[in-house]
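The primary structure of each chain is shown beneath.
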Amino acid sequence: MSKTTAGRFFEDYHIGQQIVHAVPRTVSGGERALYHALYPARTALYSSDDFARACGLPQSPVDDLIGFHIVFGKTVPDISLNAVANLGYAEGRFHAPVYPGDSLRSHSEVIGLKQNSNGKSGVVWVRTRGENQRGARVLDYVRWVMVRKRDPDATAPETVVPDLAAVVAPDTLVVPQGLNFSDHDFALSGEPHRWGDYAIGERIDHVDGVTVEEAEHMLATRLWQNTSKVHFDGTRRADGKRLIYGGHVISMARALSFNGLANAHMISAINAGSHANPCFSGDTIRAWSEVLDRAETRAPGVGALRLRLVASKGACDVLKTDDGKYHPDVLLDLDYWVLMPI
Amino acid sequence: MSKTTAGRFFEDYHIGQQIVHAVPRTVSGGERALYHALYPARTALYSSDDFARACGLPQSPVDDLIGFHIVFGKTVPDISLNAVANLGYAEGRFHAPVYPGDSLRSHSEVIGLKQNSNGKSGVVWVRTRGENQRGARVLDYVRWVMVRKRDPDATAPETVVPDLAAVVAPDTLVVPQGLNFSDHDFALSGEPHRWGDYAIGERIDHVDGVTVEEAEHMLATRLWQNTSKVHFDGTRRADGKRLIYGGHVISMARALSFNGLANAHMISAINAGSHANPCFSGDTIRAWSEVLDRAETRAPGVGALRLRLVASKGACDVLKTDDGKYHPDVLLDLDYWVLMPI
Amino acid sequence: MSKTTAGRFFEDYHIGQQIVHAVPRTVSGGERALYHALYPARTALYSSDDFARACGLPQSPVDDLIGFHIVFGKTVPDISLNAVANLGYAEGRFHAPVYPGDSLRSHSEVIGLKQNSNGKSGVVWVRTRGENQRGARVLDYVRWVMVRKRDPDATAPETVVPDLAAVVAPDTLVVPQGLNFSDHDFALSGEPHRWGDYAIGERIDHVDGVTVEEAEHMLATRLWQNTSKVHFDGTRRADGKRLIYGGHVISMARALSFNGLANAHMISAINAGSHANPCFSGDTIRAWSEVLDRAETRAPGVGALRLRLVASKGACDVLKTDDGKYHPDVLLDLDYWVLMPI
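Residue numbers (full-length UniProt numbering), protein chains in the order written: chain A, 1 to 342; chain B, 1 to 342; chain C, 1 to 342.
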């Protein structure tokens, strides 16, 4: 009878379930300016209309991660309001850039379910897609979360674990229509390093650190209309700190990676991602990247680089400890493809 | 001879006085994006151009409260710079939505004066109206504030207490031209509850809490060009905290009320409002609503709901204590009309 | 071999060196809204399209200091990443207003070099110019910074100290095309004081104080894509505080100066400027101005006023102590020309 909703619990999901997420969103130069204020984002393609036009796009899109966060934010009330943990990402693809004036909406399909052995929770896999106002797919990705059961005695569903690709195959990467890095201006983009300059196995320390504040991550998380209570309600912990949205760490690390990867303009795919440890106000985020793979594309002058992006609290060279777990200072381990000039 | 102004004192006002407030303001997608970053605002009509068009509007307006805060902010240097207290609101009406590109200006008329018995201050009532660049009225409201006297020996003016409606009569509510909720999409708006689903006396706990930070309320208050010193100057209190603009609490509570009132799209009138107690950084704002009345409108598919919106520090079910005063944890008691799909 | 850069050191500069700064930037209403949220900026010309049109401009430009910060921010990775101190400004001129939709880029020429006697660092003078997407000059200025040497044994360059004007000559001030204050609306601008009302030697206390927060100055500094580590990394000081970008203090003080200088609409030139002492989170910034000079211009109704703008931590009437050094509470001493209605 209550008008408010407590969100879905594990037993509220079934395989094949289609969920239309609420609150479509029109983006403008306002979201873009805020992104530049919240993160040290300097990628030229997302900063200048002129630069974007020189790369074959009609104008400068908003950062790929703005699209990701908006599409993701809409899923929170339906997917992760009662999530115990955000377990992973796979098969993320960016299909079309988002431009000021575009309106985004999200839709998810439940593609996997597995009750935990303790009977109190289970894992839900969803494939989420974001579309623009013309119905064109902007991005899609699979995410899986651990969700509490409302009733521990509810019957366990049949276990369905989706078969997910470990890596988005490079020959299936979508290059935005018209993208052309043949005349790429390396002076304006900030670094001379081309796709060909990066070797598999190469590691790049992104040097800078950013100490994060409560006001900032709450501004960011609200901007994406992400409603997860843990990010906003300081009464849940004795020290008043709020758990920082994992996407805030992704954007911070990605922006920090400009120093060494200035020409890694566009995110083309997310292969995998782990929010290894929680991030709190006062933490100083640092990042390093490792080149995992390289691939050519059919677009003129455009190569693809597969990167591991690791964010940590303070400097942390160790990714995992001897027991195979993430080092307690590691915040993020993201495996993704970028597009850059050959 | 000083170039700076200390603001008006009680004896500087007279009945019928017309005050043109300075600094007209053009709004853009920037103000809208910031509103979404500052408050957990998710009302679909203010989020998506497509959704707004499906409701008969030319595009998505900015939140009604953006218009209110901008119009209000302009009055501060003229009305409340020396205010001891912001005592109340009445007869607030929203006449036309504000769209990106619109320019707002404010004008007030003094409609009431009453010196306090202590001779040191008095109450000033003003009727303020906001207009857009076409001279069309965007909103108007009456507000009364207690203002200090510059000279305690100044003669008291004749007492004039305006006769104000306790409630804006529902048949005088202005429905924006073209607004039509006949084809309202309840999946995209976020909740299935229609006007007809709300019963008078029904109470809705909006569940979520937001812990507020100094940086956030100062960003918000400056955005509305509100110059009241108490919001910005941390040297006035030993703990460095700044008094939070009451309008910040209104917007936070209104945004929190999405959970349970997702379809209460537009604010049509403000009947009354009290900033019951001051709000400070570190407070966790929660909110509940009570349905006070229901009315039909002539617009297709559009009903009006009269709501009491109460914001408190932490959970607080009690509105007033036995002595008839607001509970010390109550921050806001707002009585307003919204428009929603029948 | 490293992909990241540690920035230039003193021995990396030579007289006549031309540096194209990376990451061009398109501005929108988003940057303008953020400026209004970050600073108590109320100048009518930068707030309202209507007001700007009544002054002969096509629409409301973004604040002059937005242009300055963006052009300056681009120079940081090339000029001041290893700066020990930002020593001064001279010959700053604002050539054309910046409008939403404009794209800015920066270019610098090294015009002076002087190794310090300790052999560990030196002073570098650069003349930086900002251009818009049409190649039109938006602003230019000279700045000099003390930069560390990478190798203390590197040979000292020939000393070249540029001959800089102590003041931008008023007859060389650029008045934006079309600017006309003949029909200036003093009610809408906020104060009645004209150019003719200000006397040389007059001092204006701007009354208000703003206590600054970490989140705010980091949002601002990132918005200008300023990458200087000291503003963001809280691990560099035991108290976690970050050094606040000097430009944040300039914008805060300039916005505070509205109270008493509401009609000092446009900045036309920066004659000199010193960041006298560092500013940190928790400081309460106050400001006062002194009228240094007055000049006529050829534009209708437009006069020029030369002002000293002093910002301090808390109230501080003393600019310099007996030993000729800035009082430790003084943050900024800026000498600049503004355009205002005669």
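Keep in mind that a hint or two might mislead.
What the hints assert, rightly or not - Mimicking PhoX-like on lysine-lysine, the simulated pairs with C-alpha atoms at most 25 Å apart in a straight line are:
| hint | chain 1 | residue 1 | chain 2 | residue 2 |
| --- | --- | --- | --- | --- |
| 1 | B | Lys241 | A | Lys241 |
| 2 | C | Lys149 | A | Lys241 |
| 3 | B | Lys241 | B | Lys114 |
| 4 | B | Lys241 | C | Lys229 |
| 5 | C | Lys229 | C | Lys149 |
| 6 | A | Lys320 | A | Lys149 |
| 7 | A | Lys241 | A | Lys114 |
| 8 | C | Lys229 | C | Lys241 |
| 9 | B | Lys325 | B | Lys120 |
Unchecked claim - Not close to chain C: a few residues of chain B, all C-beta gaps over 12 Å, as computed:
| hint | residue |
| --- | --- |
| 10 | Gly7 |
| 11 | Ala22 |
| 12 | Gly30 |
| 13 | Arg53 |
| 14 | Gly56 |
| 15 | Asp78 |
| 16 | Thr159 |
| 17 | Val167 |
| 18 | Glu214 |
| 19 | Arg242 |
Quick caveat, the hints were computed from the structure, so don't treat them as lab data. Here a beta-carbon is modelled for each residue, glycine too, at the ideal position from N, C-alpha and C.
Evaluation of the provided hints:
1. The hinted pair formed by B/Lys241 and A/Lys241 meets the criterion: a straight-line CA distance of about 18 Å does not exceed 25 Å.
2. Between the alpha carbons of C/Lys149 and A/Lys241 the distance comes to roughly 42 Å, so the proposed pair goes past 25 Å and is violated.
3. A threshold of 25 Å between alpha carbons decides the hint, and for B/Lys241 with B/Lys114 the separation of about 32 Å lies outside it, so the pair is violated.
4. At roughly 28 Å between alpha-carbon atoms, B/Lys241 and C/Lys229 are farther apart than 25 Å, so this suggested pair is violated.
5. The hinted pair formed by C/Lys229 and C/Lys149 meets the criterion: a straight-line CA distance of about 18 Å does not exceed 25 Å.
6. Between A/Lys320 and A/Lys149 the CA atoms are separated by roughly 31 Å; this puts the pair beyond 25 Å, and the hint is violated.
7. Our distance criterion of 25 Å between C-alpha atoms is broken by A/Lys241 and A/Lys114, whose separation comes to about 32 Å.
8. Distance hint between C/Lys229 and C/Lys241 is fulfilled; the C-alpha atoms sit about 12 Å from each other, no more than 25 Å.
9. A threshold of 25 Å between alpha carbons decides the hint, and for B/Lys325 with B/Lys120 the separation of about 24 Å falls inside it, so the pair holds.
10. With a least CB separation of 10 Å from chain C, B/Gly7 falls inside the 12 Å interface cut-off, contrary to its annotation.
11. Consistency note on B/Ala22: stated as away from chain C, yet its beta-carbon is not over 12 Å from all of that chain's, at 3 Å minimum.
12. The beta carbon of B/Gly30 is not kept farther than 12 Å from every beta carbon of chain C, the shortest such distance being approximately 3 Å.
13. The claim that B/Arg53 lies off the interface holds: its Cβ sits roughly 21 Å from the closest Cβ of chain C, which is beyond the 12 Å cut-off.
14. Listed as a non-interface residue, B/Gly56 keeps its Cβ farther than 12 Å from every Cβ of chain C; the least gap is roughly 25 Å.
15. Taking the minimum C-beta to C-beta distance to chain C, about 10 Å, the non-interface status of B/Asp78 is violated against the 12 Å cut.
16. Listed as outside the interface, B/Thr159 is consistent with that label: its C-beta sits roughly 29 Å from the nearest C-beta of chain C, beyond the 12 Å cut-off.
17. At roughly 34 Å from the closest C-beta of chain C, the C-beta of B/Val167 stays outside 12 Å, upholding its exclusion from the interface.
18. At roughly 5 Å, the least C-beta separation between B/Glu214 and chain C is not larger than 12 Å, which violates its mark as non-interface.
19. Residue-level check failed: B/Arg242 sits 7 Å from the nearest beta carbon of chain C, not beyond 12 Å.
Figure legend: structure checked against the earlier numbered hints; hints not met, in rising order: 2, 3, 4, 6, 7, 10, 11, 12, 15, 18 and 19.
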